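Chemist: Start from the sequences, fold in the hints, and give me the full structure.
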Amino acid sequence: MQTLIEQVAHGVRQDECKAQSALFRLLARTLEYEVDEAFLERLRGELQEPLAESGAPVPQDMLDGDANEIIANLAVEYTALFVQPGAISPYASVFETGSMAQVQCDRATRWYQENGFAFKHRYSGEFPDHVGTMLAFVSALFEREANALEQGDEALAEEIRQSRERFLIEEIGGWAPGWAKVAAQAAQHPFYEHMLNLTERVLWDELTQIVPPRRMRELTEKNARGPTVIKKDPGFRKASGL
Amino acid sequence: MNKHFPMSRRGFLKLGGSTAAVASALGASRLQAMEQELGGKDFSPVTGKLREAVPYTCLVCNIEDGGIAYIEDGRIVKLEGNPDHPGNRGKLCAKGNSGFLHTYDPDRIMTPLLRTGKRGEGKWKRISYDEATTMLAAKLKEVIDRSDAANDPAIRNEIVFKWGRNRTGGGIQRFMGALGSNTMVGHTNICESSKKIGLEPGWGPDIESADFANTKYALIFGGNVTETAYFHNPNAQRLVDGVVANKAKLVYFDPRHANTAAVADEWFAPFPGTDVAVALAMSHVIMNEKLYDDAFIRTWTNVTPEQLIAHLKTYTPEFAEAESGVPAKDIRRIAREFATTKPATTFSYRGPCKHVYGSYQEAAIQMLNVITGNVEKKGGYCLPRGMGYGQPSPKPPGGKAPSILGQPPSYPLAGHQVSTHMPYQLMKGDAKCSVLMTYYDNGAYTYPSSHVWEALLKDEKLIPFYCSFSPYMSENAELADLIIPDTTYLERWDPESMPSDLRPWLGIRQPVIKPLGNTQEWRDTTIQVVNKLDPDGKLGIKQYFAFKNGEEWVKAQFEGIPGLKEDGGFDYLKKNGVWPKYGKIDPVTGQIVDKNGDEVPAEYGLHAKELPASAMDGASVEANGAIKKGGKTIGVRVNGKNCAGFGTPSGKIEIFKESYKKYGFNPMPVYKRLASRDKKADELVLITFKVNVHTQSRTASVKYLAELYHKNPAWINPKTAAAKGIADGDLIRVTSSVGYIVTRAHVTEGIHPDVVAISTACGHNSYGRLAQLKMKEKPAEYALGGDPDVDNNVWWDDKGVHPNPIIKMQVDPIGGSQGWYDTVVTVAKAQAGDKYGDTKASLEASMKDYEETLRYAYTGDMHKANHKEVDIDWAHLPEPKAGGGH
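Residue numbers (the numbering used here), protein chains in the order written: chain A, 1 to 242; chain B, 1001 to 1886.
Just so you know, these hints were derived from the structure itself, not from any lab.
Being a predicted model, the structure only gives us computed values, none of them experimental.
The reader is advised that the hints may include incorrect statements.
[What the hints assert, rightly or not] Reference listing, derived: stretches of chain A covered by chain B, where coverage requires no fewer than 3 residues with Cβ under 8 Å from a Cβ of chain B:
| no. | segment |
| --- | --- |
| 1 | 68-77 |
| 2 | 100-111 |
| 3 | 125-138 |
For every residue, glycine included, the Cβ atom is placed at its ideal position computed from N, Cα and C.
Modeler: This is the structure in C-alpha cells:
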C-alpha cells in the first residue's frame, strides 16, 4: 500500500512525465518537420499562451497573417535552417563527426529498436539521429513512464526512467543544447529562434535534473565546442605551394 | 666490446655489410608489405573483422578506374584500387581514395529542392522525389503537347539537356531521344574536342593508347601524364614503367614545369599554341633526312612520302624556333632520336589542342608516329581498346528536327559540339529553351567567361524552367528552379569501359551501399518522370523505359556482349567489378601476369589483322582498297590481304582529311599563327592547368584534397616578375579584354616568361563550406562540433581565385574546342583598393568575343583569309546547316 505522501508524489511524477512528454513532443514536432496548417492552428490556439509564458512567444506575423503564406514562408526558413547545404545540420552524426549517417545514427536506431520503435522517413535525406526524432523518442519514453505509473507498475516506470535519462545524457546531452544555441543564432525567423532557444533551455533544465555536477561540467564544455583559431605558421605557406 | 658477446659495434656493422650482399638469397621473412599481401581485402582495425568488399568503378574524374569499397556496419570506410583491374592495376589516385567523402558530405543535397525566391537568392523548399518528378514531367509535357499541337517537331528541341560528366552509358541520349529533342549539349568543347577532331577523321577513334610501358622514347606535348591528363593513373603507372624499368627517354613540352617535366629527361617550354610548329618541323627533319618508314606511309596512309616532303617544306626547325622558342638544334636532335629509337610514341592532351586551330596541332603530333611507322607496335602509338555496350531495345528514334544548340551550323566538323556557344545563341535569339536540365554540369564556374552562363541562368525569359540533377549546391545549381539530386557515384549503376590499358575491359559501377538517406539515382528519377509524362504510353515514350529501376536498365545494357554470359554475365560483373580477368597483378612489378608469372601480353597490329571470311560476304573492294559493306568501310585490302584497317572512309590513316577541305580548312596538318603569338612585349598569355589532387570543379570541398591544395596563385617567371616589380606573394591584378581578377603571384622558374598560369579547382562561390571557407566567415554556423578536420585543422584562409571569368570565349573553328590558352592579359601589381579575390567581368565584352570567334568559323570572314593556301572553290562552300559532324 502506498502512503498518501507516496500517492501524491506518484501522481506528481505521473503528471510531470505527461507534461514533459508533451513538451518534448512539441519541440520534436517543431524540429522534425515544417509547420503545417494543423500545427499553425495549435500555435495560434492552445499553445499560444503557454509558449509566451515560457519565453517563446509565437511571433505576431504568425498569429494574424494569411495561413498559407505563413506556412510557405516558414517552409523556406525551415529548409534554409535545417535542410539545404550550409544549414545547421540537425544530425548528431554531422555535429559529432562532420559526416552524415555515422555511428550516432546506428546508436539512435538501436535505441529506437530496443524500445519497439522503427524509424520511418517522410522525405529522403532523413536519418534516425535527427535532433527532432531524438526528442520525439524522449517524449515517447516520458509518455510510457507516465503510463506505467498510471498502471502502478513502478518497476517498469523506473526502468523507463533510467533508459530515458541514459539516452538524454549519452545521445543528446553532449551536443543538442549547443546545437540548439547555434541554430537559434542562425535562425532568420523569430519562431525558430524562440523555439530553438526554448529547446536549449528545456534540455539544460532536464539535464541539470539528472546529471551529477561533475558530469554536468563535462557536458557544458562539450556543448560549448567551437572552432579553434589556428596560429599561422609561416612554414605552412611555403609547404603549401605559394 | 660487450662482455656478453665478444663483438664490437664495428664488428656488427661489418657483419651487416657482408650480409647485405647476400640478403636476398636468404629468402623472404614471414613479414610482408601489408598492402601487397592484403590487396582486395581489408580488416577493421578495431575489431579485426573482415570488411565487406564491393567492387565499383570510380567517377571522381573521367578515367573510370576500378575500385573496391570496404564496408563496415553499412558504411563506406575505405576505398582502394581493384587489383583485378587491368587499367589501374590495384591503385587509386588521391581523388579516388577520397571519394567516399562525397557520399557523407554534410553539404550534399539529400532531397529535391524547389526554388521559392528569386533565382539565386538561395530560398528553397524541400519537396519529395515524387513531387519533383511530377513537376518536371509536367514541364516536359507542356513542350511536347505544344509540339504535337503545332505538328512541329522542332519545338521539342526547346527541351535542352546540358551535361558535364556523362557516364550514363547513353542513358541521357536515350531519354532525350524518347522525348524527341536533339538539343543535347555535352561539355566536350571545353575539354578535348579538338584532339578528337584532330584524330577521328584520319584515325577512327578519338584518342590514342601510347604504350608507355614498352616504349623506348616518349615525346609528350602538353599532356601532364603523371598528374592529370587522360588516363592519369593508368598512364602515369605505365610511363614510370617505361622510364624507370624500360629505360625509355622522356621529352616533355609544356610552357609550365608540370610534374611530368620533373620526371622527364628533357623539358622544353614552347610559346603557347606553337607545339604544332615544333611537331611539323620534326616531321620535316624526319622526312628530309629519310628517317621515315616508307613502306608504312605508302601502305597505310592516304599520302605519299613525296607529298609529305612537299607539304612540310616550309616547316624548318629554324621556322619552328622562331615561332616556339624551342632551339632548332634541339628540334633536329629530338626528331632524329624519335625516328631512330624503336619503339617510340607521342602523347598529347589539352596543351596543344585547346587552342584556336587546335585540331591541326593534334593531327601534326599524330603524324610523327605515322611517318616513323610506330603505329600499333609494341611500345608505340596504338589504337585505343575498349568494349562496347549499347542501349537496350527498343531504342528511341531520336528527334526529328536538327538542333542549332546541339550542333551549331557554322561548325560542321565539330562532332563533339560547341557547348560554349549555348548562352550566346540563346541570348541572341538564335534558339529557344523552355526546359533546361543539367547533369554533372557547372557552366557558371567551369566555362570560359563563366559570368555569361550565370547571366543566362539568371534570365527567366531565356530559361523559363531549369532543373538541375546535381547532388551539390554548385554555382549552376544555386540558379536552378528545381534540384532533383542524383546520388553520388558510389550509390548508382552505370556500365563502363575505357581504353586505359591495351587489354580491353568492361566494368560496372554499382551501389556499394544503398543510396544514402533514400536518395535516388538519376536513372530512377528518369524512369519516374517518364511514367508520369506518359502514363498510358500514348506519347510513345514509356515503351523505352520499361525498367523497374536503374539496375534493370544497366543489366539490359550488358546483355549480348560476346563471352560475358559464359563467364557469369551481370552477376560476374557485380562480384568482380571488371571483365575479363586477364591474370593477377604481380605485387612487385605491377604487371598483369599469368600462373607462371609471365606478363599477359597485349595484342598489337590490330589494323593488320585479317578480316574473317564471313565478314567479306556481300562486301566490295574499292579502287583505293577500302572494303565496303552496307555503305560502311569495314576494312582495307593491303597487299592482297583483307585487313581490319582503321576506322576511316578509306580504311587507312588519312593524313589528308577530305572532310576538312570540304569546308575550306587545310586537309593537311598546318601551323596557324595565333593572335596571342602577336601579343605586345609587356603582355602575357594566360594558361590554366589542373592539379593532381583535384578535378576541374567538383572536389574543392573534399577535406583530404582541400588540405593538399586549396589556393591557386598565378605562376609568373622571375624575370617577368622583376620587370613588373612583382615579388613572390604580391597581390596582383590580371587583366584581359573581358575583365580582371586580383590574385597573388607565385614567382617561379617553372613557367615560360611570356606566360602566366593559374590552376583550376579553386575560388568557388558555391560547392560546399570548405570550397568557400565558410567556416572562416561564420565559424559558429559552419563548425561541425566534433570534426576537428573542419573546425580546427583548416589552417589556411585562402580559397583561391578562379580565372575563368576573364578567359575569352574563342573556339577552334574545326574541332570546336575552346581556346583555353589563347587569352592575352596584362599582369601588374594590384591597384589601390584592390582586394584579394576581386573579380570583374564584362558581359558586353564577352558578347563581342562571341561575334569575333564566329568570324573564324567556316562561314566567317576570317576563314578564307586564314586559309588562302587551300585550293577550293571558295564561292561554293557547303551551306551551313544544323546537325553536322564529320
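Chemist: None of the hints should be skipped; say for each whether it holds.
Modeler: Hints, one by one, checked against the model:
Counting residues of the segment 68-77 of chain A whose C-beta sits closer than 8 Å to any C-beta of chain B gives 3, which meets the bar of three, so the coverage hint holds. With 5 residues having a beta carbon nearer than 8 Å to a beta carbon of chain B, the segment 100-111 of chain A meets the requirement of three or more and the stated coverage holds. Interface restraint, the segment 125-138 of chain A with chain B: holds (3 residues with C-beta to C-beta distance below 8 Å; minimum three).
Hint violations for this structure: none, all hints satisfied.
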